Each structure stands twice: as structure tokens, then as C-alpha cells.
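Novice: Residue-level listing of the chains:
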Amino acid sequence: MKTVSLLIIALVTGSTTASAAVLGEQHRTSDAPFLTPREAVAKMAIPEGFDVSIFAAEPTIGEPIAFTFDDRGRIWVVENYNYINRRSHTDEKVTRIQILEDTDSDGVFDTKKTFTDDLTFSSGIAVGFGGVFVGAPPNFTFIPDADGDDKPDGPPEILLDGWGTNDRHETLNSFIWGPDGWLYGCHGVFTESHVGKPGTAMADRTFIDAGIWRWHPTKKTFEIFARGLSNPWGFDFNDQGQGFATCCVIPHLFHVVQGGVYHKQSKPHLNPYIYDYIPTIRDHKHLSAHGGARFYLGDAFPAKYRDQLFMCNIHQHQLLTDVMTPKGSSYVGSHGEDFMSMNDLAWVGFSLETGPEGAVYILDWHDTDVCGNAINFPNSGRIYRVMTKGAKPIKRPNIRSLTDVQLVALQNHPNDWYVRQARLHLQMRAASGSLNRTRVTAGLEKLLSTAKSSGKRLRAMWALQVIGALSEERLHQLLSHDDEYIRAFSVQFLSEEKASQTSQNRFVALAESDESSVVRLYLASALQRLSPEERWPILAKLSQHAEDNDDNNIPRMLWYAMEPMVPAQPEQALDIVVNGNMPKLQQLTARRMVSGDLPAQPQRGRKVYPGRGAAKWQRQIQGIAPGFEAWDVGLLGVVMHREFRNQTAFQTHPLSREKPSILKQHVEVPKGKTTTLKLRVSHHQHGDWQLRVLANDKVIAEQIVGPKTVSKDEWLNVAVDLSRFAGEHIDLTLENRANNWANEWGYWGGARIVSE
Amino acid sequence: MKSVLSTLLASLFVVLAISSSQAAEKAKVVFISGKPSHGPMSHEHRAGNMILAKRLNQSGLDVEAVVLPDLGYPKDPSVLQDADTIVVFGTGHGGHLLNPQLKAFDGLMKKGVGVVMIHWATEAVKGEPGDKFLEWMGGFCDLDWSVNPHWTPKFKRQNHEIWNGVNPFSVNDEWYYHMRFLDDPTGLTPILTDVPGPETLRRSDGPRSGNRHVRRSVANGETQHVAWAYERPDGKGRGFGFTGGHVHMNWRHDAYRKIMLNAILWTAGVEVPRNGVPSSTPTIDEMYSNLDPKKGSPARPPASAIPKPAAARPQAPSFQQLRQQAVRPLDAKRSLDLLARRLDTVEDVSVQLALLEGMLSGLQGSRNVSPPSNWGVTKARLAASRSRKVQQLAQELSQVFGDQAAIEAALAKLGDVSVKSAERRSALKSLVTLRAPELKERLERLLNDEVLQLEAIRAYGAMADSRAPKLILDRYARLDFQGKRAAVETLSSRKEYADALVLALKGKTVPRSDIPTYIARSLSELLGERFTSVFGDVQALAEDKEQLIDKYRDLLTDKHMAKADARKGRETFELVCAACHQLYGHGGKIGPDLTGSNRGDLDYILLNMIDPSADVPDAYKQLTVNTKDGRVLVGTLAAEDGQRLELNTVGQKITVLKRDIESRSMSPLSMMPEGLLPALPESQVRDLVKYLQTTHQVELPN
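If you're matching them up, the sequences are chains A and B in order.
Read in the numbering used here, the first sequence has 689 at position 689, and its numbers run on one by one without any break.
If you want the numbering used here, it's the position in the second sequence, counting the first as 1, plus 1000.
Same shape as in the complex, but just chain A (with noise of 0.2 Å):
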């Protein structure tokens, strides 16, 4: 008996270790065991020093994406139950938002309570402004709850629509209130989404599969912030207010400048002539995924994670650090700590938060397929907070209920959580007109001017922008601040909107002499928010530097701003980079010159038109095949041909092999007339194609024209007897179709019903 259930284990053991991911090896899925929270726990190689408690898990959560800390230090997690596949989630009104309240500090939540359970498909959050920010893709929503009542004022409204879900790990992500007021997030590589405010017509919209775009609360507007990567899921801020994402396949780490272009992966960047993306900033490797980012800004955990960047790494099922140490106007990312093994495959750290008594916050989707091609475990899911041993609890905060002078004074908190929700609530109150601005201008300019370091100078400084305390002359005033990134932010800040030609004459100035090269990296993103011809003065200055010659962001920023304007203005911009010192200008200007030009308006892939034809040309037809509309036309469209074999013609191309290009129209056959459809119709050169005539969907006529079908005149009549269709509505489609696949033009001299 013994030895039988022996060889069993050894059996089972045997099959385990043979399909198993190993840790620390790249794997998608793996036969993990179910853990439940308290084994996990368990399993976690926690630091010397530090604790794990389970905040919350399942049942109380389950397929939770994304979370958040609201003013009083409740975190609100967005449970995704609509999620199937990277191919598909259901539609269903399942996906629930709700709000989790550790009343006593212990790291356990004690209440909790739906916001609401009435959503689908959603993927980020942000609270904020009386209601809620939510990622539902097609939509970007807000729902309102003014009262704070913790219920939905109303429905969700959209703000923006047109985000795709042609990955549905890769949607709108990673929410995050910036330094400067406006809300950031991600977005992943193989999703495109045509974002707009609802009804924008499709030429207006903005394009977007990979990057880092931003919303403004109050002026209600979308902007890219920076364009690539490959699946963000991380993105925050440092202490200099410097943005940071993390990602997965590409490597993993980018410092994001306002207006880069990074590191894309698999597909050519949106303008071809980029030529030169900025490449990560990291000098070491982990496995491919990562989740979140959060610089450690609180004041609980020991001084030397300070400014270190904690991420989750999804394949290595760890809690990692990276440090940044500055290099230019970048910084190289150095592994820091391999903080905390998991030791458990199933553990997927999606989202890292750090909380008001300094804990740090891991989200964990928790399955054992870590990619998102299933769903393995689930209505599982769980929030873990990592604290130091012993913390003692603090008393909750309930940032809403203080005082102006109360949220300015905590802008010099050591711990950021209080700083950032904060400065949220200034610029809450500065939009509804509740704010005392003077004294908190007073306030913050005091702090600006007595502040130690340039992270405290900082905040009064974002502070003051998001309350809309820094004017013009207040910001030119900082332009000569001693601190760099005083004056780095001040060039950000009067390029908001577009800098005045006062602003515009001080960057002139700096991008001469700044002895920063922050400071010029701020120029040259400032640079993309110009017009043309208001760039020239500064790139000619920053063009100067050759000590940015090594730069990571500098001379591709300045390339980036610079290669609109060389198909215009080749003699300027040759100019320029001759008398500056950037030989990759330099090479990559010569190049662009060389290289010719896109068709004016940039068309994405092959030039064909499915669907109704344009307006033009089905005015254009009218005069050879009155009363037709053009449908599915292939390559190149309607072409009109004043003289094609001695008469006017056009041009069509079927869509595809199996898909004609179509000429249609409805048509009344009139009673006691014989009414004859004629058409005259031609190949090209070396090619031929099947016409058919369709009424009411059934072929009444079909014919090859090719060369061994025409008349003398090359050209072939045809006529189709409709007559009995006489009395009746029919609809009539002539096809242009393939009959191979080669050069299956077809060519239209005549289309016309004649009733006789």
C-alpha cells in the first residue's frame, strides 16, 4: 500500500516539474497550484523589516485592473468581469467599481461598498473632480457623483470615444494625476483608437496605438503626450516631476518627454522620417512584462528607497526597484532590489499604488496565464500592502475637509500621497471658484521661494500651475530661477498654450546659454507646440550644444521638431544644422531631403476605398454613367481619363479578388418602353476582367473584356435588355471584377439606360 501512494507522488511530481514554468524563466501560462491568499502570503520571500498583510481578496474582489486612492485613503478598485480573452470580453453590465476603507489602519480594508456595478469592459481609473474617470473603451467616461455620496450622480458621460479594443490588454490605461493638472495614461501598441470628444468626424480625430496621451479636467482637452512603446502599464512621476514608464517585449524601462518618440514595438512609427526613436534608459534586463510604477516618495519605508521605482514583473513574479541616476537631460536605470519574490506563478502584479501611511499597494490579477489569453482562476484576485514591521496606525485622512491653508501647507509633506491629493483638491477648488487664491498664491510663493530643494520648490511651483497662479510675467520671472527644473517647467508652462513671441525671445536666450541641459530638453519639446516658422530661431541655438551630442532625448527631440519643416524649407534647415554642431541632425536633415515625400495626406497602407466611393467622383461620374454611384474601389480609386482610347473614360479597380468594385444605382423601369442598359467598357493594356450586371442581386448579364473581346476600337458595347423589368423598381449594379489577378482595371466610356 505504501509504496503504491509512493509512486503516485513521484508520478505526480514527475508530471509537474515537466510542464511547469519554472520562476524566473519566460513563460505565459503555467499549472500553478491555487494558492489562497493566506498560502501566498506565505510563499512571499517578504524583506527583513517589513510585513505583507491581504487588504482584500477574493470573494470581496475579483478580476481586478486597475485601483486607486481616493482623498480619504479608500482605495477603489475597478473589477473587470467582463474580460475573456485578448480577443474578446463580454458586453454584458458586470464590471463593478467598488470602494474599500481600512478604517483602523491595519492594512485590511473594514468596509466596502459598490460605487457602482453597472459598467462593462473598463480599464483605469481616477477620481477626482466630483466624480470618477473611467477607461471603458470605445469610451473615456466620467461619472459624476458631485455630492460624494459614493453613488453615481447619473450615467457615465462620455468624454472621448473611438479607443479600440483590438487588444484588450492593451487599452487605456495606468491613470494618473500629472504635476501639471492634467490626467495621463497609457495605451498599448496593438489597439488603435481614433480618440475624440462624441460626433468628431473621423479626419479630426487623433490617432493612437502606442503611447502616453493626457486629459485636461477643466479645459477638456486631448493631447499625445508622447508616441511608441509597447505595452505601458506603468507610468508615474519622480520627484523632478520627470515621467517614467514601464513595459513589456521592448525593454523595459523609458524616461517619456513631452512630444518623444520611443522605442515602438513591431510596427514603423506613425511618420516614417523619425528615423531615430529614443531608446530605453535602462542598463540591465528583466523578463519581458512589467505592471505599474510608482516612485517611492512616502516616508515609511527606510531612506534608500526613496526615488527608487517600484514596478511589478509579471513573468518573474516580483516586486522590483530600479534607480534612475541622472545623465544629461535623462538618466540611466540601474537595477535596484529584486524587493520581493512571489514564488508563485500565479501572482500578477498589475498595478502598484503607494498609500497615506507610506505602505506600497500591489494589485494582483492573479492567474495562472499571465499574458491574458485566459482566464484560468476566476472571480479570483487580490490587493497585498507591503509596510514596514510595526507601523503604527495613522489617522485616516479626509483631505476635502481641510482648509486651504491646510493643503497648502501639506505640499511640503514628506510623504507625496498627501502632496499629490493635495494639490488635486487646490485645483478642484480653483475650477469651482472656491479657492481663496490670493492667500494661497501667498502661500505658495512663499514656500517656492524658501524651499530647500528642487523637489519642494517644485511642488509650490505645480501647485501655483494648477490653480492657474503663474502668469505670464510671473513665469518669465522663473525663467531665470537658480533651480533647473524652476526653469525647465516655467519653458513647459508658458507652452501650454502657444507661447507669446515675448516667451518665445526668452527660449531664444536659454537655448543659447542655459548651462542646463534639462532645461534644453524642455526647450525642444516646447519647440513641437510652435509653428514652423517660429522654430527656427531656438533650433538654431540648441542646434549649437555638442555637448548634447551624446544626449539620450536632445538631438532626436530636436529632430523630431525639426523634420516637418525640411520638405518646405530645405535651404533653412541645412542651414542650420552646417553652422551647428549635431552631426545626427546633420545626417539625418541630408537624408530627409533625399528621401522625397509622402502623399500629402499620409494614407496608411494600400490606397484603396471600400464602401461608398467619395462625393468627388461620384460627381465626377455623372457625365459617362449618369445616375451611378461608385462602391469598392480598389487600388486607386476613380480615375477619370480625359482621353483613354479617343474618348473620355474612367477607371475603376476591384477591392480585392473576390470583392468587385461596384457602379449602382435604384432604378424605376418605365412601363411600355424598352428600356436597354449601354455600356462601353475597356481593359487595361495587360490585363483583362469579368463585367457583370446584377438586378435586384441576380446576374442578367456577364462578359469578359480583355483583349480578345473588343471591338477594333479596343473598346467593347454591351447591351443588357431591361425591358422586362418594365413597371418595376430594380436595383442595377454593373461589377468591375477580377476574373485573376492581374491588372484588372476596368474602364468605363458609357453607362447609360435608355428608354425607347
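When the alpha-carbon atoms are kept at most 20 Å apart in a straight line, the in silico PhoX-like pairs for lysine-lysine are as follows:
1) K712(A) / K678(A)
2) K197(A) / K1035(B)
3) K1154(B) / K664(A)
Far from chain B by the CB rule (all over 12 Å, computed), these chain A residues:
4) D150
5) Q240
6) D307
7) G328
8) G390
9) P393
10) T450
11) E515
12) M640
13) H641
14) R680
15) Q703
It should be emphasised that the hints constitute simulated quantities derived from the structure, not laboratory data.
Please read all numbers here as calculations on a predicted model, not as lab measurements.
For glycine and all other residues, C-beta sits at the position ideal for the given N, C-alpha and C.
Go by the hints and put chain B onto chain A.
Specialist: Frame of chain A, contents of chain B only:
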């Protein structure tokens, strides 16, 4: 108190005025047009309304129609006060012009004013707006419930006066269907109704594209109503919903238009004449009149009718706007002259190098580019440079400019075995790029050159030569694996070569197993039956992919797999997959690397092999390029600019000049062929799957 009283009196007066005036005056129809949406000739709210209003006014019936000049809800709502019915044609859902006016509009409805909603205007937000729409017109288009496919229903006559004078008809439009109707159908009459087929639900689920409710309804063959009439309880007015109207041109359709005119009349409480509302078919010119100002609109409405845009905040131009601003196209000759003049004057070697390198990469793949003026002088100056690199780059540039001396120099290198192999290869490559005519006669000799043989075989792809098939096939048996692959690739890249390759296949000079799948697919497209009759069917595709997946699942049970051989599987992988995919660090880079994929999961393997195009990113879609000189190139698009595109083909990366392209087509399909598994014998499928499921590399069988 006083003011309240006077308001009350005033409104009483209005009500009285309306009821007393109704008998005497014509019924009034007010058309509200929403702001522009969609492209030209779709959702032409204002133009559509104007066509209808004009015909009502010309009908000779007791009706007077007004199209409000404002787009959107009227700023002065009093214009609606004496309406008998209101027609709303505009954007729906969150953008519905009635959303901010629900209360005011509800007041009108409660008074008994009729309403007609056209197309998107039938779409309401769930909740209060939706509930109101139900009260007003008995139904609405509801997200995640209704769908909006384009289809061609066939409408039969319904017993209702809206059908007066209309024969059964059929029109293609974006007919929304599966509306949300009142639970209690009292007062509801379907007007346009048909049974849609499953082809109308081809799109995947989405708020407007599909959901399980509508799928069930269509599967059950339920009748769908795309226009309906509603009599509110107690004679409190009438409503009409019409979900067509997307396609502006459809107003030319007489029956379609008549249904709408009759319905408007009916909602205004006017009896519809026995033959319906008479109206003329709009002329083509009329169809193109009054269109909303949209990008690409063929005509613009009079300036007075265009709403003034709000003052826009100054904003930096977007990338697209900049592109459009840069109207002056780059003049290639002028650009080259500008650069050459710089090279004439610049002393700094690093600037010279940067400009030369930039020019070379910008001209990559180009040939016989006409040189800048006085290139001879510039070249001489650069040739005298103290920098060897400058001399070399100037020489390469001269080749691009078709400079005979530079070409002679490259030709000399070809035959000189004392020159480094890498330099000889590069000389050959540049001569191929230039299509140097002198190369043609030397290629044959190079086929026997150990160093250049592979490049020489490939060179015949770029340079058409009727002798190429014979020259290559004569040597075929002696070529190594790489050489054979290059030979097969080259011979399948031109029609006239491919015919010879098929003969060789028939005569077994080239064994069938030497033809990898991607080439077989390309050949079958190029030659059709002439190839498949020799090779067999490449795309033996089962219609039902799920059935096929089930079939293989049964074939690949653990019991069967126990007999499979991973080493043989690797052999199959090398032939079928490795040209495009890496596994264990070995293979091509056209498709995704499989090493880290979810290979352990049989369903994952089967889905991706049997239905690779189910959801394919652009990066992996197959692009076929036909060049003017008869080359057929198949690959994925690596990069593209105004002059050239770079193609990731299976054997190599190829730069093609756009001016050499006859046609190009991007298939919606993945570069990955579908018929892979069915083309293999079952035992081979098992071996391949076994290999794909390995966790470590295995040896090839001996």
C-alpha cells in the same frame, strides 16, 4: 406672485392660440438638424431635412414645413410652440440634441405634438432619455441591445396609412435594428420590417455591433422593425422612428422618401392621401446641394448657413496639419544641388561625413539618380579628402548617380579574388541595386564563385534574364541548403522563372519538399492551376475552422502524442515554420518568436495555426508587391517613406523603390498561411506539435 400669475396667463394664452389656430392654418412641420457628423453624403442632416421640407411644401397638401436655420436645438424654442410635429435628424446618444432639453421637449410632447426621429437621432442614452423616447415614440435605438449594420432589407406593405401609395421596396442603408420597444405594444405599428440574416452580425460584439440578445433574436429568425409608428395613449400625439437615413443618396429612392413624407404627415395629425404624398425625385445636383461643411464635401452651403465656429484657442499645429502645410513638395534635384553646394564648401570632415551618410541612407535602393549640377567637381574635391571614409562614401554616392567610373571600379572588384570577400559582396549588392547592365553578362560566372554564389542567385531576382532558370536549375543539385532555398525563392519571384520552376518540380529536379509553404502560397497566387496541378492544393481550407480545430484535438490526444517524435517534428519545423519563426534562438524574424509563446497549450497552437488571421496585427499582414519589371515580392512591411518601402521577405530584407512598383496589396490576412496543418500528413502534424511543445531544443534526426 404677480409675475407667476402673468406667466401662467401667458402660457394659457399660447395654448389657446394654438388650439384655435389649428383649424384654420396648415399643419406645421418643424425640422431640426443636428450638427455635422460623419463624412460627406452620410448623415446629411440639414440637406436631408431640406429635401423633405421642400417636397412637403410643394405637395399641395395642408402642410407647411420649416427647416430651422440653427444646427441643434433652437436657441429660441418658441419656434417649436406652434409645431404640429417635429422632425429630428442629428447625432444620437450622448450627443443627442434633445439631451439637455428633455424637459422642454417633453412639455411639447405632452401637448400632443408629433415627433419623427431619423437615423442616429433614434439612439438614446439609457435611463431618462431612453424612457422619454419610449413615451414619445414607443421605441429607441439602445446601445448593447440594438445594432447598426449596413444591409438591404426587403420591405413588404404594412396595413397602415404611412404605406399609402408605396409599393414594396428594398434599399441598402445602415438600418439599425433590434430596437428597444415599449413592453406593452399597444399603439405600436411596425412600418418597415424584415428578417435580417446572420451576415448582418459579422462584427464582433460591441455597443453597436453585436450583443448576445440580438444574436439570439436573429438566430431565432425574429422579424426586426427598422421604422415604426406610435400612437400615444389617449390620442396624445404620434411618434415615428426611422433608422435609415445614413446614406444621403437614398432620399432619391421614391418609395423610401414617400414612406418618410407620409410618416411626417401622419405624425402631424394630417390624413395621408390615398396615393401618399406626391413628390419629385431629387436631381443629382440637388443631392449635392446644401451639404454640411465637411472635409471633402463637394459643395458648401451658403456662408450664412454655416454656424460660426467658436473662437479656437491658439494651438500648435498637429503632425497631420504640418504635413498639409508643407505643400511645396520636396524637389529632389534642388535638394541634391543644395547638399552638393554644401559639400563643395564645408571644410569640416565630420560635417562632410554626416551629409554623405545621410544622403546615402536617403537614397537607399535608388539607381540612376540624376546627379547634382557639377557633381564632377564635388566628387573630385571629396576624392582628394584626407579622410579615407569620405573618399569611400563619395564613391558609393557616385555609383548611385550612375557614374560610369564608379561602376567600373565596382565591376573590377567583383572579379578580383584578392579583394576582401565582404567588399566583393558589397560591390555586387550595389551593382544589383543599380541594375548595372554590365553585370548581366558576369552573373553567370559568379554562379560558380564560392564567395558570391548566393548573392548571384538572388541577383537574378532583381535582374530579369530569360536564361536564369536554366543556369540556376542546372546547378541546383550541387547547391547547399541555403543555395537551394535562394534558388527556389528567386525562381518564384517572376512569372517566367516560375514556369520553369514548375517544370523542374514536375521533372523532380527540384523535389516537392524543397518548396516551403510561403513559396507554395506565392506560386499558387502567381500561376494558379499551373502550379497547383503539379504541387497540389496549397490552401485546402476547411470552411469551419472550429470543426478543424476539433478534428486535430481528437488527433492529438495524449495517447496519440505518445507515439510522436519531437526530433522529426523539428525537421518539419525547419521546412514549414523556421523561415519566419524563431524557436530556441534559431529561425527567421518575420513572425513572432515562438520560444516564449504559449506553446504548451494545445488549443493555443491549434488556434494560431488553423486561424492565424483571426486577429492579426498590421505588422504581420501579408503585403504583395508587383514591380513594373515583373517581380513579385511577398512579405511584411518593415518601413516606408515617400520613395521606397522596405519589405521583410522570408529570405531577406528588400528595399523597393515606389516608382518601380506596379501594384501593391495588403492582405487582411496574416502572412502566416492557413492551410499548414491540413497540408501535412497526420503523423507529421503530431511530430510537429510534439516539437512545438518541447521545453528544450532537440537534435535533428540523422
